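Asks: Sequence:
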Amino acid sequence: MRQGWLLQGRMVGMMSRVLVLGWVFAVVAQCAWGEVPAIKVLEDVPYKSGDGLTEYEKERCKVDVYLPTTGTNFPVMVWFHGGGLTGGDKTKDNMPEVAGSLAKAGVAVVVANYRLSPKVKFPTYLEDGAAAVKWAKDHLGARGADVNRIFVGGHSAGAYMALMIGLDERHLAGVGLGLKDLAGLVPVSGQTMTHFTVRVERGQDKNRTVADEAAPVHFAGKEGPPMLLLMGDKDWPARLEENAYFVALCRVAGHEAAHLLKVADRDHGSIFKKLSAADDVGGRAVLRFLKAPSEFKLEDEEITKSGAEVDFSR
Numbered sequence: 001m002r003q004g005w006l007l008q009g010r011m012v013g014m015m016s017r018v019l020v021l022g023w024v025f026a027v028v029a030q031c032a033w034g035e036v037p038a039i040k041v042l043e044d045v046p047y048k049s050g051d052g053l054t055e056y057e058k059e060r061c062k063v064d065v066y067l068p069t070t071g072t073n074f075p076v077m078v079w080f081h082g083g084g085l086t087g088g089d090k091t092k093d094n095m096p097e098v099a100g101s102l103a104k105a106g107v108a109v110v111v112a113n114y115r116l117s118p119k120v121k122f123p124t125y126l127e128d129g130a131a132a133v134k135w136a137k138d139h140l141g142a143r144g145a146d147v148n149r150i151f152v153g154g155h156s157a158g159a160y161m162a163l164m165i166g167l168d169e170r171h172l173a174g175v176g177l178g179l180k181d182l183a184g185l186v187p188v189s190g191q192t193m194t195h196f197t198v199r200v201e202r203g204q205d206k207n208r209t210v211a212d213e214a215a216p217v218h219f220a221g222k223e224g225p226p227m228l229l230l231m232g233d234k235d236w237p238a239r240l241e242e243n244a245y246f247v248a249l250c251r252v253a254g255h256e257a258a259h260l261l262k263v264a265d266r267d268h269g270s271i272f273k274k275l276s277a278a279d280d281v282g283g284r285a286v287l288r289f290l291k292a293p294s295e296f297k298l299e300d301e302e303i304t305k306s307g308a309e310v311d312f313s314r
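For the sequence shown, the positions run 1 to 314 when the numbering used here is used.
Keep in mind the hints are simulated off the structure, nothing from the lab. Warning: the hint list may mix true and false statements.
[Claimed, not checked] DSS-like cross-link-like pairs, simulated, lysine-lysine; straight-line CA separation at most 27 Å:
(1) 121 with 48
(2) 48 with 92
(3) 134 with 121
(4) 40 with 92
(5) 40 with 291
(6) 134 with 58
[What the hints assert, rightly or not] Just the calculated beta-carbon pair ranges, DEER-fashion:
(7) 223 with 100: 31 to 37 Å
(8) 210 with 299: 32 to 38 Å
(9) 92 with 48: 19 to 25 Å
(10) 241 with 287: 25 to 31 Å
(11) 202 with 223: 26 to 32 Å
(12) 138 with 56: 20 to 26 Å
(13) 70 with 233: 32 to 38 Å
(14) 46 with 264: 36 to 42 Å
(15) 267 with 180: 33 to 39 Å
Computed from a predicted model, the values in this text were never measured in an experiment. Quick reminder that beta carbons are idealized off the backbone N, C-alpha and C, glycines included.
Working from the sequences, and respecting the hints, build out all of it.
Replies: This is the structure we're talking about:
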């Protein structure tokens, strides 16, 4: 293709030739300076099939897949969007930017939509999420991914989903998988108590604290996958403390690979939206976690800059 452009340059004169050569030199310079690689995006791929699907399932049970275009055996992140379990979409709230940045760093990202309350109720959206994990397990090996390194993450309501799917084995068991099929969890600003939308579905007070079988904290123990929870220091009231309590219970039970990173100057939205920034503390920590989840430790710089990890050593 480059030769065709150069021949065209000779035909139209010196100015065109200069412009084309300048473009070629620019491409070479960008590659030499380590320009981030391109990615491939597959949009609106159904992760459920069969004659028994409802129209709402067909509408919502789809994923966007962000793939690295170089290398093989890369990890997989299945990600769930936020929206209080009543709204949200895989294309909103900076999701394409965050997923794209992970793919450029060598991670296959599967961003899933799922059915929403009040059209469905607990645990239907969790069953959808487990089906998305199953789809990734079954299909991404052919795309070069290491399907033995599947991580599950999400923001806000999506973080709640990631924790429930990754801790309550019943949801993955429903699609023929187990907790051993997950390499780790990356919940960002999620609820660890019973989600407020689940309380509303039951007719309970939205602001009442409940910790039952619909709460990640109910499953806090040493059996879960490695976890990196991210929270902003300016999140909603009690959300940081809720996450710290959950991680503390995991640690007490013997789960040493449960971590909480508190990022300075981040609120409920920006803790997620800024993950795609090259200098973001949370984003860098996530990439290190995906590389070696069982050996992950917060770095001194992260702790110093963020006031980061709660002291669970006592």
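Asks: So, for every hint listed, does it hold in this structure?
Replies: Quick rundown of the hints versus the structure:
1. Of the supplied pair hints, the one linking residue 121 and residue 48 holds, its CA atoms being roughly 18 Å apart against a limit of 27 Å.
2. Distance check on the hinted pair: residue 48 and residue 92 sit about 22 Å apart at the alpha-carbon level, within 27 Å; holds.
3. Taking the CA atoms of residue 134 and residue 121, the gap is near 21 Å; set against the 27 Å cutoff, the hint holds.
4. For the given pair, residue 40 sits about 19 Å from residue 92 by alpha-carbon distance, which is consistent with the 27 Å threshold.
5. Note on residue 40 and residue 291: the hinted pairing holds, with a Cα-Cα distance of about 21 Å set against a maximum of 27 Å.
6. Distance restraint check for residue 134 and residue 58: the Cα-Cα separation of roughly 17 Å lies within the 27 Å cut-off, and the hinted pair is therefore satisfied.
7. Here the CB-CB span from residue 223 to residue 100 is close to 34 Å, well matched to the stated 31 to 37 Å.
8. Remark: the range hint 32 to 38 Å for residue 210 to residue 299 is upheld by a beta-carbon distance near 36 Å.
9. At about 22 Å, the CB distance of residue 92 to residue 48 agrees with the hint of 19 to 25 Å.
10. Here the CB-CB span from residue 241 to residue 287 is close to 27 Å, well matched to the stated 25 to 31 Å.
11. A C-beta distance of roughly 27 Å is found between residue 202 and residue 223, which places it inside the suggested range of 26 to 32 Å.
12. At about 23 Å, the beta-carbon gap between residue 138 and residue 56 stays in the expected band of 20 to 26 Å.
13. Remark: the range hint 32 to 38 Å for residue 70 to residue 233 is upheld by a beta-carbon distance near 36 Å.
14. A C-beta distance of roughly 41 Å is found between residue 46 and residue 264, which places it inside the suggested range of 36 to 42 Å.
15. In this structure the supplied range 33 to 39 Å holds for residue 267 paired with residue 180, their Cβ-Cβ distance being about 35 Å.
Checked against the numbered hints listed earlier, the structure breaks none of them; every hint is satisfied.
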